[in-house]
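Enquirer: Chain by chain, the residues run as shown.
Protein chains: 2
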Amino acid sequence: MVEKQDLPVHRARAFLEPGPILLVTSCHDGERNVMTMGWHMVLEFTPSLVGCMISVGNHSFELIRQSAECVLNLPTLDMLDAVVAIGNCSGRDKDKFAGFNLDVQAADHIRAPLLTACHANFERRLPDDRMVKDYNLFIFEIVKAHVAPQPKHPRTLHYTGDGVFVVAGKTVSRRSDFRLGLLGNGR
Amino acid sequence: MVEKQDLPVHRARAFLEPGPILLVTSCHDGERNVMTMGWHMVLEFTPSLVGCMISVGNHSFELIRQSAECVLNLPTLDMLDAVVAIGNCSGRDKDKFAGFNLDVQAADHIRAPLLTACHANFERRLPDDRMVKDYNLFIFEIVKAHVAPQPKHPRTLHYTGDGVFVVAGKTVSRRSDFRLGLLGNGR
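Protein sequence lines, in the order shown, are assigned to chains A and B.
Under the working numbering, residue 187 is the last one in the first sequence; the count climbs by one each step, no gaps.
Under the working numbering, residue 187 is the last one in the second sequence; the count climbs by one each step, no gaps.
Hints are computed from structural coordinates only; laboratory data are not their basis.
Incorrect hints may appear among the rest.
Identical copies go unnamed one by one, so any copy, or any two together, can satisfy a pair.
Lysine to aspartate or glutamate pairs mimicking EDC-like chemistry, simulated, CA-CA at most 20 angstroms apart [stated by the list, open to error]:
no., residue 1, residue 2
1, K4, D108
2, K94, D177
3, K170, D78
4, K144, D108
5, K4, D95
6, K152, D162
7, K152, E3
8, K133, E62
9, K94, D29
10, K144, D78
Turn these sequences into a full structure, and let the hints steer you where they fit.
Expert: What follows is the structure in structure tokens.
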């Protein structure tokens, strides 16, 4: 396993805006869990804000709400088995970390663990839960980003429903056609 | 151009959850515009809700806010030139529909036009603008979905920043490993 590097948090958009399935780890009061999540969006570069829909029916919901923190972990194609298995059982019934042999590391700023096998891990705190009541919509701030140095464009998984994932394919650069002010991953 | 078909609106997630770049068309008071958008998320199946971040600096912002409606259009790899060009100029300076030869069709329920060349078009109304002030976050409801019958998994564009797009690649089905309650595109 290659050691991950710190990424300035405003650059997390490079990995989140493409819309991958994520694994969300949480920890509260001695209990921890991991869930899959596909409903999320970037909201701001600085502070580095991300909106996430976490259904109240998920076991992770209260762990995240009560602890007001979680980690977004970015899995890739080689982790598809784990992604599907994690999404198809509940932390109510099972310790998914042990059950699916998930190696973890301690986060720097929060209690929820980092999933070692993932390409990137984003530690997040919850500054705004006003929209949780109406939409199960949490607004998190990324406070630390850990990213594997290679590959630059990981083979992420994008969920379409019905058990079908689209895998991130080739990349196309149109950098030379962009206005300077629109380049970069922050502002 | 193949004729599009109606899709039940709760199934829009199949095209939006994977996280593609979208083209947003709007119309207000005789003026219309089109912009690119990468910051969006599915929020609910029924009603079919989508959250979108539209920066107040965009010319489309007021057209969308005032009209309280817009269309999400889903472009594919063959439209990359138009996507980049649309994202790199402002409707303040230019009629992008004429400038980029964008064919349009009338929507069924709203005034903003559908972009004919796109794989799908989602007509949307704005039921909730409470989060616009703090986050430029609009919560829209899809009221009509028009989708090309083929291909089932279009080659959508996913933006990473820095002028680089990831193109949707191969699909992988793990349908047989899913719990029945998690299949389908609605609930």
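Enquirer: Does each hint hold? Answer for all of them.
Expert: Against the structure, the hints:
1. K4 - D108: Answer is within: at 13 angstroms inside a copy they meet the 20 angstroms cutoff, but 50 angstroms across does not.
2. K94 - D177: between (50 angstroms within a copy, 17 angstroms between copies)
3. K170 - D78: both (17 angstroms within a copy, 14 angstroms between copies)
4. K144 - D108: within (8 angstroms within a copy, 45 angstroms between copies)
5. K4 - D95: Neither: 26 angstroms inside a chain and 46 angstroms across chains, both beyond 20 angstroms.
6. K152 - D162: between (29 angstroms within a copy, 13 angstroms between copies)
7. K152 - E3: Answer is within; shortest intra-copy Cα gap is 14 angstroms, inter-copy 38 angstroms.
8. K133 - E62: within (13 angstroms within a copy, 28 angstroms between copies)
9. K94 - D29: within (17 angstroms within a copy, 56 angstroms between copies)
10. K144 - D78: Answer is neither; intra-copy 24 angstroms and inter-copy 37 angstroms both fail.
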